[in-house]
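Heads up: the sequence lines are chains A and B, in that order. By our numbering, the letter at position 29 of the first sequence is numbered 1398, and the numbering carries on one by one without gaps. By our numbering, the letter at position 126 of the second sequence is numbered 1495, and the numbering carries on one by one without gaps.
No lab work stands behind these hints: they were computed from the structure. Accuracy of the hints is not assured; some may be wrong.
Copies of the same chain look alike in the list, so a pair counts if it fits in one copy or across any two.
Below, a list of computed lysine to any residue pairs in the SDA-like style, where the Cα atoms sit at most 25 Å apart [unchecked claim]:
(1) Lys1412 <-> Phe1699
(2) Lys1484 <-> Pro1408
(3) Lys1384 <-> Gly1458
(4) Lys1661 <-> Asp1697
(5) Lys1562 <-> Ala1670
(6) Lys1384 <-> Thr1649
(7) Lys1371 <-> Asn1417
(8) Lys1412 <-> Pro1398
(9) Lys1410 <-> Val1540
(10) Lys1612 <-> Ala1689
(11) Lys1589 <-> Arg1619
(12) Lys1562 <-> Glu1435
(13) Lys1661 <-> Arg1420
(14) Lys1637 <-> Leu1623
All of these numbers come straight from a predicted model, not from anything done at the bench.
This is what each chain is made of:
2 protein chains.
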Amino acid sequence: MKIAVDAMGGDHAPKVIVEGVEQARDLYPDLEFSLYGDPSKVKPLIQNSERLKIIPTSNDITMGEEPVRAIRRKKNSSIVKAAMAVKHGEADAFFSAGNTGAVLAAGIFIVGRIKGIDRPGLTSVLPIAQPGASRHSFVYLDTGANAESKERNLVQYAYLGKFYSENVLGVANPRIGLLNNGAEEDKGDTLHKAVWQLLNKKDDLNFVGNVESGDLLFGKADVVVSDGWTANAALKATEGTAKMMLKLIRHGILHGGLRAKLGYLMLKPIFHQIGQTMSTSTYGGAVLLGLKAPVIKTHGAADTLTVKNTIGQIHTMLKAGVIDKTVDFFTNNPEVDKPTKNA
Amino acid sequence: MKIAVDAMGGDHAPKVIVEGVEQARDLYPDLEFSLYGDPSKVKPLIQNSERLKIIPTSNDITMGEEPVRAIRRKKNSSIVKAAMAVKHGEADAFFSAGNTGAVLAAGIFIVGRIKGIDRPGLTSVLPIAQPGASRHSFVYLDTGANAESKERNLVQYAYLGKFYSENVLGVANPRIGLLNNGAEEDKGDTLHKAVWQLLNKKDDLNFVGNVESGDLLFGKADVVVSDGWTANAALKATEGTAKMMLKLIRHGILHGGLRAKLGYLMLKPIFHQIGQTMSTSTYGGAVLLGLKAPVIKTHGAADTLTVKNTIGQIHTMLKAGVIDKTVDFFTNNPEVDKPTKNA
């Protein structure tokens, strides 16, 4: 199995990308890598070139660029060339820590959508932080590939999330929840009321009803489905609040004198554990589900460990054949937004 | 100035309501109160009946009831009778800790909208938690009175928030931000792109651009305007995450042995300070702005202190004449969603 890697994307590229790839290569003997990037920068970083080759690129896409224009114009960029390799069957998956919009655009316009999927959904694995919960993470989509969504899109996300949860996280019959502004059936705007009814009438979905954004981390579902706009707002608020809470604790300790510093030393293992639980790095990258091959984006600030973990996630996706299973389902169920039971 | 109080709403009513009202009465010599409720329950709780009378009601609206139907049918409930008193000029403001939907419905259908306002916005004051920030709170609306909003509504919210920030929080020329999914001008769905352009073309608004939900508590604006759907999702995610972080710390301390317990004792003042900063009680109740009189809802779990603080907030609103200023503005600016400058 071969992974096409954008070696130039991310704040600490190509260094952490090459390091993470080498660590993953040593861990997974069935993986090969193509590193797309500037050879004069990438080559000196490589310790061992086993199952690892460099494909020269130029003309990088930077973080601020308008994504669709960038992938149209910069044909020789690492993002475009890596995505083209997947399109032409020269690689099985595409990984990048670069410009999110450009990675999404390359995924949709170059790698291409699975037949039957209108819009791919950007999918994150997030923590179930609830102490004592039997599972430690859940699947959350669409976190922002689409600012405007239709009923049909959300039903497709439910199946995309279900296959991911089953095959990558190993959850049997995952509980599917709908992100909404209240727990009851009749809550929400027109779109969410309609999606509730559709999901509830599917005999192959274990639909458990609405999940409010305040309950996201509490483990009420294994897959939480949402339009991209709302999921993005709730995800950013969750991340921002966690960051602010840690900042307030740090500020308090720094300005709290010796007593606070001693207290910090005693609670350090607990703060470390909470930091781990809440860190996005623990759960890998964001997958653009609904494409013909795995396309995974990790955040720009990714370190070596995050790169290694994200490649582990791609390895699991490839081994589990999650894309093939998704293709099969949508081929056999072209009208996925039609009810299948009289609930 | 007279406040009509729903003495029966909230988890700990009428006890905490009566206690909070008595404390506020002692603090503000210019306030009088009408307590709407069951005299057999309310009267025994009253210590001193100075500037305080009971108006008997029956047939309470409970927490789970469908709001609009409830206020239509239960004419003798504390919520309906208190709102009617405001409508008939017998009271200047309405306060409740009861069924949120019923309070909103009573506000809109009984107290009534200011001419020129299409939809009132539910408004919360939230913490600016950023250490060292010069201000400690900001105005946030609509937090959920409307699940579906139009451009015009968001422009009206900007002015409602501005008047509240100026008159109640004393902020000169408040910075107005738009909750959106990115910082740049061209971010967002159709609605938010259009609202950005409208707000930017107002010469009487200090518009500072988009605010992302992850930056809500970081103090980038004094008023953050949003459609009710998105603001509600981001607010609940913020509250839920803060709650989860505190839960994780508590769990870690409980299961961390003697060392963790000692650490907790040393950091207790810091945790207490963070709890204060993040607590909704610190910032008063949610105001339904855009009505002909102050209508304020505090959360069902409110304690005596929260009731007292929320009445302090109503006192400030009445003294500052924020409603009169809002009425004047919308009377003189019937087409508030038209540009006033060529930006």
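Which of the listed hints are broken here? 1, 2, 3, 5, 9 and 10
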